[in-house]
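Position chains B and C against the provided structure of chain A, taking the given hints into account.
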Amino acid sequence: MRRLLAVTLGILTAVGGFVDIGDIVSTSEAGARFGLAHAWVLVVGVVGICVYAEMAGRVSAVSTRPVFDLVRERLGPRVALVNLAGSYLITVATLGAEIGGVALALQLLSSAPYLLWTPLVAVLLWLALWRVRFETLERVFGLAGLTLVVVLVSALRLDTDWGSATHVVPPPGENWPTYWFLAIALFASAMTPYEVFFFSSGGVEERWTPRDLTVSRVNVFLGFPLGGLLAFGFLAKSAAVFHPLGIRVDTLGQSVLPAGLAFGQWGLALAIIGVFAATFGAAMETGLSAGYTVAQYFGWAWGKRLRPRQATRFHLVVLLSILLAVAALLTTIDPVQLTEYMLIFSAVALPLTYLPILVVANDRDYLGDKVNGRVANVLGIGYLVVVLAAAVAAIPLMVMTGMGG
Amino acid sequence: MLLAFDLLDRQIVDRDGTPVGKVDDLELTGAVVTALLTGQQALGRRFGGALGRWITSTAYRLDVDRLGPRRIPYDLVARVDSAVHLSVRVELLDPPPLERWLDEHLVGRIPGADDAG
Amino acid sequence: MPADTRVSDLLGVRVVDSAGRRVGRIVDLHADETDDGPRITAAVVVRGPWGRLLGYERAQAGGPWLLETAARAILRRDMTTVPWSRLRFDRPDRATVV
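Residue numbers (my numbering), protein chains in the order written: chain A, 1 to 405; chain B, 1 to 117; chain C, 1 to 98.
Because the hints were derived from the structure by calculation, they are not lab data.
Check each hint, because a few of them may be wrong.
[Said to hold, decoys possible] From chain A, some residues computed to sit far from chain C (all C-beta separations above 12 Å): (1) Leu106; (2) Val140; (3) Leu222; (4) Ala328; (5) Leu358; (6) Ala361; (7) Asn362; (8) Thr401.
[To be verified] To spell it out: a stretch of chain B is covered by chain A in this simulated footprint if at least three of its residues, at any positions, have a beta carbon under 8 Å from a beta carbon of chain A; those stretches are: (9) 15-21; (10) 28-34; (11) 38-46; (12) 70-79; (13) 107-115.
Think of the CB as a built atom: it goes at the ideal place given N, C-alpha and C, for glycine as much as any other residue.
Bound conformation, chain A alone (with noise of 0.2 Å):
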């Protein structure tokens, strides 16, 4: 049981990165909309997340470095800002849109509107980052959000036409550039800079040594994965049900219909509780992430192993971050479009946040006759020219398609 329990930390990191409210919605308009002409997408996205992941944990299980810690460090004060001010933006928008998300859960539940919700989570969420264990928020969050799986095995009931997998174009009345933007929209989040950033903050707070190389492994090569087969669930299942009937997606309702249509009313029940999962598991990271990063950019102490008392300024900027989240809700702004805005962001964040972990994973000082082997290396530098290919493509893009309407 401990075994399994150890890798709940790559779980939750890979729920926040691949199902998190904005993915469900977009995942689920990108099946209604292409089929599964998308799904190879995911595979190329779950591939990257592991590549990096795999890194930034083997370097903070051996030196102990958390990822921003390095970008400040290999980059010098300047550069390491614009990568905090990118991923800082991200990492919030992301924290309201979950925020957002769990109250639009509650209001598919409840029928109360999810703006009232919203501060009521907002509490919520601020008193698990304060009180709970980290070890505790993993666990529960991590393999609440497997309840997900209902959404897939949903559309292994329903009538999935699978061979359109492999056919990779857009339908009549869709066009190239929009299929493009969906793609890079859904290769960004799953690569989405919070991810390593909680990941290897995440090995620092369970204390992990050398000796856990293994364990980082493990949850990188099982919980990345797993997340990228709940992702493709909300495809398949919107492939099966909404692509012959042309219709578009673009609620967190709809997203979750397909499952009350396979298993009725308990089929929706526990996908509805999955997304609570998920989103919630999702707003721990961003909101965690969000101290780790501007806390390690200044080198303050930071972190649940430390008594509250001893990381102020840490709590502080968690603080902030939830409050900052929830007032940009309260201005009614579409929670699931403020996602798709932070593509602008990722532009400068992912290759930042990326380059460093690939320069210390080489280097010899730091992991000995730990650092990168070949394999590492030339899929690293492969997904380094996909990530700055994916940000100098996703701005014009996102221009021409209207942020793929």
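Leaving out everything else, chains B and C in the frame of chain A:
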């Protein structure tokens, strides 16, 4: 040893591994490094320009006792690897002004501030 | 050099040779451990727009092949090490190699 690469922007940790600050600058006496400087007042000076002045002046305003950047004598450095390890515990050093203020007035007053997670 | 300097005051200082020709900018400083603390022995001077080179100025930094090769090529071409005793700081932002 390379001063900019091996020391600047490294994490300073105390003897138990608790973060103390980043090496934001180094104090030189002649050609010898005599102290690590940490805190946003020291960091702002490295930025230069309007942003640097803003960081420095904000940090200066938060530093009510006008102690200047926190100075850690180089004698206290035990070893340098992926972090700069001190030979003392963090409690023996002056706490950063913002951290102390938050402890006394805000975060330290919330119930549960003494419980580790 | 004034008595109380910071390392950041030295980084970025322009270096010229005795004829006034540009050698580059100081990007790092070599130091030896002494009983008083690290003592500066030499300055790493780089020509061109490069600042930090991600740590590739050290032998311990390894692959990926593409990054390492590019960084080392730049360093071989543009980097010189000037002994500290040969640098004269005639202005706060300029040093001359004597």
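Against the structure, the hints come out as follows:
Consistency note on A:Leu106: stated as away from chain C, and its beta-carbon is indeed over 12 Å from all of that chain's, at 46 Å minimum. No beta-carbon of chain C is positioned within 12 Å of the beta-carbon of A:Val140; the least distance is around 39 Å. Every beta carbon of chain C lies more than 12 Å from that of A:Leu222, the smallest distance being close to 26 Å; the non-interface claim holds. Under the 12 Å C-beta cut-off, the non-interface status given to A:Ala328 relative to chain C holds; the minimum distance is some 35 Å.
With a cut of 12 Å on Cβ distances, A:Leu358 falls inside the contact zone with chain C, its closest approach being about 7 Å. The beta carbon of A:Ala361 sits about 9 Å from the closest Cβ of chain C, which is not more than 12 Å, so the claim that it is off the interface is violated. Distance check for A:Asn362 against chain C: the nearest CB is about 4 Å away, which does not clear 12 Å, and the non-interface claim fails. Separation of A:Thr401 from chain C is adequate, the least Cβ-Cβ distance of about 33 Å exceeding the 12 Å criterion.
Using a Cβ-Cβ cut-off of 8 Å, 5 residues of the stretch 15-21 of chain B lie near chain A, which meets the minimum of three, so the contact claim holds. Given a C-beta distance limit of less than 8 Å, the hint that chain A covers the stretch 28-34 of chain B is violated, as 0 residues qualify and 3 are needed. With a cut-off of 8 Å between beta carbons, the stretch 38-46 of chain B has 4 residues touching chain A; three or more are needed, and the interface restraint holds. Evaluation of the coverage hint for the stretch 70-79 of chain B: breached, as 0 residues show C-beta separations to chain A shorter than 8 Å, against a requirement of three.
Coverage of the stretch 107-115 of chain B by chain A holds in this model, with 7 residues showing a Cβ closer than 8 Å to a Cβ of that chain against a need of three.
The structure fails hints 5, 6, 7, 10, 12 (numbered hints given earlier, in ascending order).
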